[in-house]
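Chain by chain, the residues:
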Amino acid sequence: MTAAILDIHDMTVAYDRRPVLWNIDYTISEPGLTAIVGPNGAGKSTMIRSVMGLVPMVSGEVTAWGQPAGSQLDRISYVPQRGSVDWDFPISVFETVLMGTYGALGWFRRPGRKQKALAAECLERVGMQDFAQRQIGRLSGGQQQRVFLARALAQQADLYFMDEPMAGVDAATERIVFDLLRSLSEEGRTIVVVHHDLRTVAEYFDNVVLLNVRVVASGPVATTFTSDNLQATYGGRLTVLDQMAEAVQKQKETT
Amino acid sequence: MPGSQTIIVLLGTLLLGIAAGLVGTFAVLRKRALVGDVVAHSALPGLCVAFMLLESRSILVLLSGALLSGLLGAACVSFLKRVTRLREDAVLGIVLSVFYGGGIALTRFIQNTWRSERVDLESFIIGRAATMLQEDVMQIGIVLTIAAVVVVLLFKELKLVSFDEQFCRVQGWSSTGLDGLLMLLTAITVIVGLPAAGVILTAALLIIPAAAARFWTDRLSHMMMIACAFGGLSGVTGTLISARIAGLPTGPLIVLTAAFIFVASWIFAPHRGVLFRAREGLDTSLLPWVAERQEDDGGAA
Amino acid sequence: MTNALMSAGLLLCAKIPIPLTGLTNRLAELLSLPPNSVQNAFWTIAVGAVCAVCCAVAGCFLVLRKMSLLGDALSHSVLAGTAGVYLLTGQVSPLPMLIGALVAGLLTAVLTQFVHERADVPEDSSIGIVFTSLFAFGVVVVSQAKGVHLDLDCVLFGDLALAGVNLNPMGGYLWPAAFRTLIPALVITLAFLAVFWKELKLSSFDPVFATTVGISAGLMHYLLTTVVALVTISAMEVVGLLVVALLIVPASIARLLTDKLSTMLWLASAVGVACTTSGYLLALWLESSAAGMTAVMSGLLLAVAIVLSPHEGLLVRAARTVRLRVRICAEDVLAGLFRQQERSSTPAQPVQSSRTECLKLAGGGLLAAPALRWLQSSRLLTGTREDVRLTTQGTRYARSLIRSHRLWESYLLENFNLPADHLHDPAEAMEHYIGPEMQERLRDELSQPAEDPHGRSIPD
Numbered sequence: 102m103t104a105a106i107l108d109i110h111d112m113t114v115a116y117d118r119r120p121v122l123w124n125i126d127y128t129i130s131e132p133g134l135t136a137i138v139g140p141n142g143a144g145k146s147t148m149i150r151s152v153m154g155l156v157p158m159v160s161g162e163v164t165a166w167g168q169p170a171g172s173q174l175d176r177i178s179y180v181p182q183r184g185s186v187d188w189d190f191p192i193s194v195f196e197t198v199l200m201g202t203y204g205a206l207g208w209f210r211r212p213g214r215k216q217k218a219l220a221a222e223c224l225e226r227v228g229m230q231d232f233a234q235r236q237i238g239r240l241s242g243g244q245q246q247r248v249f250l251a252r253a254l255a256q257q258a259d260l261y262f263m264d265e266p267m268a269g270v271d272a273a274t275e276r277i278v279f280d281l282l283r284s285l286s287e288e289g290r291t292i293v294v295v296h297h298d299l300r301t302v303a304e305y306f307d308n309v310v311l312l313n314v315r316v317v318a319s320g321p322v323a324t325t326f327t328s329d330n331l332q333a334t335y336g337g338r339l340t341v342l343d344q345m346a347e348a349v350q351k352q353k354e355t356t
Numbered sequence: 132m133p134g135s136q137t138i139i140v141l142l143g144t145l146l147l148g149i150a151a152g153l154v155g156t157f158a159v160l161r162k163r164a165l166v167g168d169v170v171a172h173s174a175l176p177g178l179c180v181a182f183m184l185l186e187s188r189s190i191l192v193l194l195s196g197a198l199l200s201g202l203l204g205a206a207c208v209s210f211l212k213r214v215t216r217l218r219e220d221a222v223l224g225i226v227l228s229v230f231y232g233g234g235i236a237l238t239r240f241i242q243n244t245w246r247s248e249r250v251d252l253e254s255f256i257i258g259r260a261a262t263m264l265q266e267d268v269m270q271i272g273i274v275l276t277i278a279a280v281v282v283v284l285l286f287k288e289l290k291l292v293s294f295d296e297q298f299c300r301v302q303g304w305s306s307t308g309l310d311g312l313l314m315l316l317t318a319i320t321v322i323v324g325l326p327a328a329g330v331i332l333t334a335a336l337l338i339i340p341a342a343a344a345r346f347w348t349d350r351l352s353h354m355m356m357i358a359c360a361f362g363g364l365s366g367v368t369g370t371l372i373s374a375r376i377a378g379l380p381t382g383p384l385i386v387l388t389a390a391f392i393f394v395a396s397w398i399f400a401p402h403r404g405v406l407f408r409a410r411e412g413l414d415t416s417l418l419p420w421v422a423e424r425q426e427d428d429g430g431a432a
Numbered sequence: 056m057t058n059a060l061m062s063a064g065l066l067l068c069a070k071i072p073i074p075l076t077g078l079t080n081r082l083a084e085l086l087s088l089p090p091n092s093v094q095n096a097f098w099t100i101a102v103g104a105v106c107a108v109c110c111a112v113a114g115c116f117l118v119l120r121k122m123s124l125l126g127d128a129l130s131h132s133v134l135a136g137t138a139g140v141y142l143l144t145g146q147v148s149p150l151p152m153l154i155g156a157l158v159a160g161l162l163t164a165v166l167t168q169f170v171h172e173r174a175d176v177p178e179d180s181s182i183g184i185v186f187t188s189l190f191a192f193g194v195v196v197v198s199q200a201k202g203v204h205l206d207l208d209c210v211l212f213g214d215l216a217l218a219g220v221n222l223n224p225m226g227g228y229l230w231p232a233a234f235r236t237l238i239p240a241l242v243i244t245l246a247f248l249a250v251f252w253k254e255l256k257l258s259s260f261d262p263v264f265a266t267t268v269g270i271s272a273g274l275m276h277y278l279l280t281t282v283v284a285l286v287t288i289s290a291m292e293v294v295g296l297l298v299v300a301l302l303i304v305p306a307s308i309a310r311l312l313t314d315k316l317s318t319m320l321w322l323a324s325a326v327g328v329a330c331t332t333s334g335y336l337l338a339l340w341l342e343s344s345a346a347g348m349t350a351v352m353s354g355l356l357l358a359v360a361i362v363l364s365p366h367e368g369l370l371v372r373a374a375r376t377v378r379l380r381v382r383i384c385a386e387d388v389l390a391g392l393f394r395q396q397e398r399s400s401t402p403a404q405p406v407q408s409s410r411t412e413c414l415k416l417a418g419g420g421l422l423a424a425p426a427l428r429w430l431q432s433s434r435l436l437t438g439t440r441e442d443v444r445l446t447t448q449g450t451r452y453a454r455s456l457i458r459s460h461r462l463w464e465s466y467l468l469e470n471f472n473l474p475a476d477h478l479h480d481p482a483e484a485m486e487h488y489i490g491p492e493m494q495e496r497l498r499d500e501l502s503q504p505a506e507d508p509h510g511r512s513i514p515d
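These protein sequences, in sequence, are chains P, L and D.
Just so you know, the first sequence maps onto residues 102 to 356 in my numbering.
Just so you know, the second sequence maps onto residues 132 to 432 in my numbering.
Just so you know, the third sequence maps onto residues 56 to 515 in my numbering.
Please keep in mind that the hints were generated in silico from the structure rather than gathered at the bench.
Yeah, the Cβ is synthetic: ideal placement off N, Cα and C, and Gly gets one too.
A few of these clues could be false.
Unchecked claim - Which residues of chain L face chain P? A few of them, derived with a C-beta cut under 8 Å, are:
hint	residue
1	160
2	287
3	295
4	297
5	300
6	301
7	302
8	345
9	348
10	349
11	351
Same shape as in the complex, but just chain P (with noise of 0.2 Å):
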């Protein structure tokens, strides 16, 4: 049997000790699009910032490919939400795109020409082809997400997390973002979005996971976008963890 692409078992996140996201568990082991939705505060973004490292767990492991996450960083691509940067920064649009390869490169070596054609091409499949000399600066929110998108394409990862890439874009971005998304799963790459439009959800994607701090359901989503289980999701919190993550934080406060 072939180990799953991304395996997460028993997931918990706290931030300064109070729990947020609680005992996920969570396997995708075809390639696909899997859409996280939830509503506002619901962990969302927390589950694919721990997933990727970037938020400490305090139990749980999350595997890939069966190997540890945090060794396949090679073959996984981040997009997060906008505004992570310094926008200020002295940097092209197209330098920004070639970042994209300096995990292949590894340490020391410059890009050479395979690289600098591959950026030029991702910026291509993102539009952005024009843009290429700019400051990074000096675009639109939605052209700006598209450099980042370009950035994950140069990658050229297995496993893409993207954090919310239709928030807040034009609708030129938004069709660029999900004939993207589409052309991707297309190759047989798997990519996971946290997705914030409900309508959109079961015209895009495969698989959808319904996240409440903790997952209350997930699965293709003929089966698992149903209107009880959104009602689930979106039915207001559960007072019972509220109050637990009260107590825990509070036995646990060293602070």
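Use these hints to put chains L and D onto chain P, whose structure you have.
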């Protein structure tokens, strides 16, 4: 024709300016500009302790002590940020002033204990570029070479960690390691700069040329080269002025030259400069009279 | 320095009385020290204390408003201000110098903001550019002002130790000269605090809300900056650049010890006075710089506060963590013994276990032995090495734990999308945090279940 001492000093300040521009570019972009200041201030007690323990006035011994305590100061900053809820600004101020105080206390203690010997630890506070020795220039040269080699070899990695630390981490690079490396480069540059520029002004050499270079370009590699040029230019100009007018201290003149370059860049640089922006109407509020004149011109035409 | 000593000596000859001479003489007698030295020490400590209180009060707001570095920048640019006045007027007289320094201080604040906003320079760099340039300007001018008393050494090192010697006549008495600026600075600071207390508090805590209720955050910022500049300048006569330590460190220590603004101000003042006093005395003893030792003492006190602070000190935190871990180990033993008892042929009787067995149940780590000791001392376990049993109390405790465990498993099954074999581990982790109240809530939520997902009964 300048004397040989002036040539040594010129060479030293030139190399120091270049090294500071190189390292300072990353310090400014990584928003660690004041770390250099903290390292410089924290170096003082190390200098004194090195002198007391080894009773040596060899500059290498003193600077090794300075480097150790400078790095200790930087470590204190990250420790305090981690274990207390004090903000970064307070932490920087605390480490800076406590270490500097320790240095002052030790300096005075040494003066009172080693009365007979002439101990010129005070010159490290304001700097005495004019008395620079060939040995000092060698050290600055070595540090510049190290910094240049590291930056050339790891340009891509350093660019990555300065621009997007998170992406650096999710690609599997050690951002702590790279940050530590930048820290170390900053520290050695500051430390070799101490005898010339002094505890208080060394930070300026790191910050000002790099910040001035940012006005002229949107490319990191160009910014770095321009910062080196500005750093070197400030060093040479400051030295020449102080050689001309007796009694003017070299270190502060270098800083003032750099500040002059900064202001000039701010006004005249294309695209990001005040004049250009005012003409483009992007920043009319800054120089209303320029905007007004422009309108007048427009009306006349 | 010798100048100051001589002028003090001359004035002493003129027989102008020094206040509190009786008190200092009595002290000198008690300590059998020369009366002069006690008198000097007394007035130095007094000057240090006034200086420390001004700085601590102003510093609290700097720290709270994340403006600490402004204090640092101000102290450097003061030199530029006095130098500028010297350039303009060609002489050194106190009042214009003070005004010049004040202007330079405000200029630093304005310029820093201006360079940051208008030149798109990051804030830390902008501070670094402004204060170093101004300081460099000051040093250059001072280096040319030969023969005029513009004392760079005083700025760089401070001369707290001379503050008690350098006396000036005022109102028929001889007072420390530093009081001339320090006392007004203190009065102005306290008056500022009294007048603008609620505005300061509000605009430090929530500038946006302050603006919406009509308190101009910008105005408060510049008023505060003016006061800080005044305090800095006055204090610099005594402690030099090390004024930064007195501004920031005591306020930071107080911040670590309390959350209440008024308490913070008191504490910071007390800590500041402790720093200057102990720093001065230590410097006397070690023949070192009083200002330097003051900064060192403040650093030491900060270290002590970080380790020993009653709420968030490292020691308390470590102790709490250890206590929690020991409790968890101990509870694992109780739950383990209870499960064995449940499975035994006589579930009503406590099972017999051994110490080795119990240590294994406790996880076998470093904390296992303390956990067992705790269990025995709180009479949850009894017995000797080879015969360890739960007491009645222990059984009750263990039953409650098992109840928590099984209730949580049921709750997970109902609300989480988890397979049945993934329930035990989370429950094992959570059982330690579920008190009687939570048990009630879980029971109600689950409509009073009798069995857990594995079919075992949930004990009462």
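Against the structure, the hints:
For the restraint placing residue 160 of chain L at the interface with chain P, the shortest Cβ-Cβ distance is roughly 6 Å, inside the 8 Å limit, so the hint holds. Interface hint status for residue 287 of chain L: upheld, as the beta-carbon distance to the closest one in chain P is roughly 6 Å, under 8 Å. At a threshold of 8 Å, the smallest CB-CB gap from residue 295 of chain L to chain P is about 5 Å, leaving the interface hint in force. A least Cβ separation of about 6 Å between residue 297 of chain L and chain P falls short of the 8 Å threshold, and the interface hint therefore holds.
Given the 8 Å rule on beta carbons, the hint for residue 300 of chain L holds: about 7 Å separates it from the nearest Cβ of chain P. For residue 301 of chain L, the shortest C-beta to C-beta distance to chain P is roughly 5 Å, which falls under 8 Å, so the interface hint holds. Hint status for residue 302 of chain L: holds, given a least beta-carbon distance of 4 Å to chain P, under 8 Å. Against a cut-off of 8 Å between C-beta atoms, the interface hint on residue 345 of chain L holds, since the closest Cβ of chain P lies about 7 Å away.
For residue 348 of chain L, the suggested interface contact is upheld, since its CB lies about 6 Å from the closest CB of chain P, less than 8 Å. A distance limit of 8 Å between C-beta atoms decides the matter here; for residue 349 of chain L the minimum to chain P is near 4 Å, and the interface restraint holds. Below 8 Å, beta-carbon pairs count as interface contacts, and residue 351 of chain L has one with chain P at about 5 Å; its hint therefore holds.
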